[in-house]
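Student: Following the hints, position chain W against chain E.
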Amino acid sequence: MSTAAVPATKRGVKAGKPVKSQRTKAEARLGWMLAGPAFVVMLAVTAYPIAQATFDSLFSYRLTTPDEREFIFLDNYLLLFSDWTFWRAFLVTLLITLVTVAIELVLGFALALVMHRALKALRGALRTAILVPYAIITVVSAFAWYFMFDINSGFVNNWFSWVPGISADLDWFGNTWTALSIIMAAEIWKTTPFIALLLLAGLAQVPGELVEAAKVDGATRSQQFTRVIIPNMKAAIMVAVLFRALDAFRIFDSVFVMTGGDQNTEVLALLAYRQSISRLEIGLGSAVSVVLFACVLLMCFIAVKLFKVDLASGTDQSQAKAKKGGAEQ
Amino acid sequence: MNPKTKSRLGWTVVTVLVLGYSLFPVAAIFATSFKTPGDLGNQTFLPTSWTWQNYEMIFVGDAQGLFLSALRNSIGIALIATFIAVVLATLCAYAIARLDFPGKRIILGAALAVSIFPVISVVTPLFNLWRTIGLYDTWPGLIIPYLSLTLPISIWTLSAFFRQIPWDLEQAAQVDGATQWQAFRKAIVPLAAPGVFTTAILAFFIAWNDFVYGISLTSTEAARPVPAALAFFTGASQFEEPTGAISAAAIVVTIPVVVLVLLFQRRIVSGLTQGAVKG
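Going down the list, the protein sequences come from chains E and W. According to my numbering, the first sequence is numbered sequentially starting from 1. According to my numbering, the second sequence is numbered sequentially starting from 1.
Pulled out of the complex, with its shape left as it was, chain E reads as follows:
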């Protein structure tokens, strides 16, 4: 059943390409003339800085004393890896990534199913509503959640004072675990819609006949779900999870706004910011940046190699795939 997951590639066939005889050198030249500027700009704004950061990370380099810049090879990294501050930031980032992505996947699936099954009249309203968290500025979302729970202005303590453990003088941002919970709640609220929309698109690609056939064969609802629907949208799930995981790992805004990294809630991106921008330790800050970048690369690598996430699916090989019968996944 898992081989029947590729109905959407049909689209690629319809968009007829010019026949082979029309392909000329001029076309290649035109292609690069049109695509070249975008390509060059993209590289200039990312590849160059990351190369520079890698270079800077090998130096002991403070902007306050630029003349004392000195090549120290991997000492910045050794310093990082032997410092609990770094590992704490790493673990906090990892925890936030794992917890938020897991909850978002479940919640996003629920939202996607609701939208998928909803009556036509409701679908538009539901979709508009869940786009609001997606489109809102992350900093605004962080402030909204912060003010709700803040010990001075928040109403949560007041509303939920009947819950054991919550009282008027509970300072949510004065403790690691409560602070992290609110940070994660804000992240989950803001980004679940994105996952839900990707999953909804995946749901729409599950062939209706398959579900019908399973029904005829006497499959229960949960069997239809776990045996037919989920295997057939594995690709969509994987892409959604990977994108969100990579995004969650870069978390910065919410932590900056809510705790500023206090109460042991500092994440990797905030550590890099604090070293480079606040303390002007360009060398050490660059090292944190490079490590963060390496982590993201590693996650990508694992996803693509181990879980065979095909991020480029639906691009230019869609036609080739369709020709091969679309059995690639």
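Hints in this document: simulated from the structure, not taken from any laboratory. Positions of the beta carbon are idealized from the N, C-alpha and C atoms, including for glycine. Do not take every clue at face value.
What the simulated footprint calls covered on chain W by chain E, stretch by stretch (three residues with Cβ under 8 Å from a Cβ of chain E suffice, anywhere in the stretch; the number is not a length) [stated by the list, open to error]:
#1 22–29
#2 41–48
#3 115–128
#4 138–152
#5 257–266
Tutor: Showing chain W alone in chain E's frame:
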């Protein structure tokens, strides 16, 4: 209860739940933005008396200098970054969807790689370089790095959109004697415009949302965008928290986004999902 009423009731409950989920935090900060300073500490959801005081503070009062310049910076920088990205990406996506040339996959791969790039990783070297060459705390100093946010998504979304265009029209125009460029401009641009427009909205959202670049590469009102400015608000006195002013400013910058979502939700959804999930 018959099944029909039951299902209708079920859907009503579900809809209310989803609406509550999406709108509750926004409603909370909306209510906060209308509170008087006295109300801010009383731990209730709604203000006891509604006031425009906080809005006055950010538009004509003490926080005016901070907020209005930030608003101008945000709108200007995000629009320019969006415009440049969409122009470059339109040409690029056209070539990818339409022409056959070596290196197509490399370009798409690069766009993907840039879109997952941790922003903070490029901030340190840019911070250093911008200070040296005088781009620190200027509009171009933000517009250039914003392209790393707006370009990749524009290329992916537009490539997906352009694949669905009936390109036969272009061939027909070429048969009628138009050059490839003319065919592109006259036959395809009108069809491609909705996709380009949707892409522009998505790119704008991303630029509008940025915080890391905004807070790292600016230091004054000259270029600081709204999300970064929100973190710099101060209360009327040093003993007062700027909760009211921040809430009001937050609502002001959220309104355009909500309006765009309300007007174009169908297109935004198709744009968001096309680039990422295609089986």
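Student: Go check the segment 115–128 of chain W versus chain E for me, would you? Three or more residues, Cβ under 8 Å, otherwise it fails.
Tutor: This one holds; 13 residues, not fewer than the three required, reach chain E with a Cβ under 8 Å.
Student: At least three residues with a C-beta closer than 8 Å to a C-beta of chain E: is that true for the segment 41–48 of chain W?
Tutor: holds (count 4)
Student: Checking C-beta pairs, does the segment 257–266 of chain W have three or more residues closer than 8 Å to chain E?
Tutor: holds (count 7)
Student: Can you confirm whether chain E covers the segment 22–29 of chain W, using C-beta to C-beta distances below 8 Å and requiring at least three such residues?
Tutor: holds (count 6)
Student: Within the assertion that chain E covers the segment 138–152 of chain W, do at least three residues meet a Cβ-to-Cβ distance smaller than 8 Å?
Tutor: Result for this restraint: holds, n = 6.
Of the numbered hints listed earlier, not one is contradicted by the structure.
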